[in-house]
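Enquirer: Sequence:
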Amino acid sequence: LCVYLLILLCSASGNTLVILSVVLFRRMKTVPNMFIANLAACDFVTTVSSIPFDLAADELGYWPYGAIMCKLLWPLATFTTVAAVLTLLAISVDRYIALLYPLNIKYRITKRRFYIIMVIVYVVSAWAILPYMIFQEYQPGDGAGTLPQCGEEWPDFSYRKAYTVFLFCLQYGVPLPLMIFIYTKLGMSTDSRTRSLNKRRQQNSKTVKMFLLIVTIFLLFMLPNQILWLLFDFGNSEYLLAHLDLIAFTCRAFTYTNSVLNAAIYGACNGSFRNAFACTLKCK
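233 is the number that full-length UniProt numbering gives to position 233 of the sequence shown; each next residue is one higher, with no gaps.
The hints are simulated quantities; they were obtained by calculation from the structure and are not laboratory data. In this text the structure is predicted, and so the values were computed from the model without any measurement. Do not take every clue at face value.
What the hints assert, rightly or not - Pairwise CB distance ranges (calculated):
1. Glu137 x Ala253: 23 to 33 Å
2. Leu223 x Val3: 12 to 22 Å
3. Met69 x Ser189: 43 to 53 Å
4. Ser272 x Leu244: 41 to 51 Å
5. Pro64 x Leu100: 51 to 61 Å
6. Pro140 x Arg108: 48 to 58 Å
7. Ala162 x Tyr122: 18 to 28 Å
8. Ala248 x Asn104: 45 to 55 Å
9. Asp142 x Met69: 12 to 22 Å
10. Leu24 x Phe254: 28 to 38 Å
11. Glu153 x Leu244: 11 to 21 Å
12. Tyr159 x Met69: 20 to 30 Å
13. Ala278 x Phe157: 48 to 58 Å
Where is the CB? At the ideal position from N, CA and C, for every residue including glycine.
Can you make the complete structure from the sequences, with help from the hints?
Expert: So, in structure tokens, the structure goes:
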């Protein structure tokens with residue numbers, strides 16, 4: 001309980017600070033920073049919409065929020081996870097273009113293109129969670145010992161398996177190799193051009209390293225939860241059910257911790273964000 005509450009507090013405050021830094025200061029409204037603000041918004045919504053409600057439901061032992069929230073809460077967490085990983089992929093492409101083709105205006109991601117990309121990201125994310133919302137069912141209980149519950153009710157278990165594989169591919173299996181390829185290319189390019197980099201390219205190189213760290217942490221901290229769902233549908237479910245509380249707690253803690261670390265990385269690796277954080281706190 002204390003671990004989750006600490007994560008919630010750090011995520012809510014840290015990601016709010018990131019968003020305000022980009023919104024309040026004109027100089028911070030660059031395309032990379034706007035991507036960062038979008039990622040921070042995803043992290044904020046993930047923790048704020050999950051931790052308080054999950055903790056209460058776990059403590060009570062039943063679902064107290066009704067049918068509408070049953071359809072919305074858990075799919076919302078999946079929505080923000082998909083949006084976050086697609087944003088990370090978009091950031092990878094943006095940094096690839098900025099570092100390898102800095103003078104090519106044709107390929108540059110402008111603010112207008114940024115908004116178009118974000119619309120696509122959120123449309124794809126909404127489309128991805130539709131099956132989840134459709135088959136998420138609320139069981140009201142009968143008032144005679146059966147308590148209200150919320151869970152997935154698929155017409156056939158094979159559909160659930162297919163959807164689990166689909167989400168794994170969308171959240172992890174496809175973006176992972178793409179981002180590894182992009183950052184490998186960027187790393188090779190950076191090493192070969194280190195001595196000839198001008199100030200702008202050096203800044204782009206530092207930004208790439210920061211985003212590479214963010215991607216690495218995302219992939220590592222999201223992995224346990226991805227494995228859990230695959231094992232739950234394709235592995236030894238009896239063993240998982242016997243140790244579900246501990247396993248679920250650990251996997252969710254990893255997922256939520258990722259939402260905290262991103263904001264810390266921005267402050268540690270980016271001087272502009274450090275200054276914006278300080279100014280924002282002074283304004284408050």
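Enquirer: Under the constraints set out in the numbered hints, which ones does this structure not fulfil?
Expert: none
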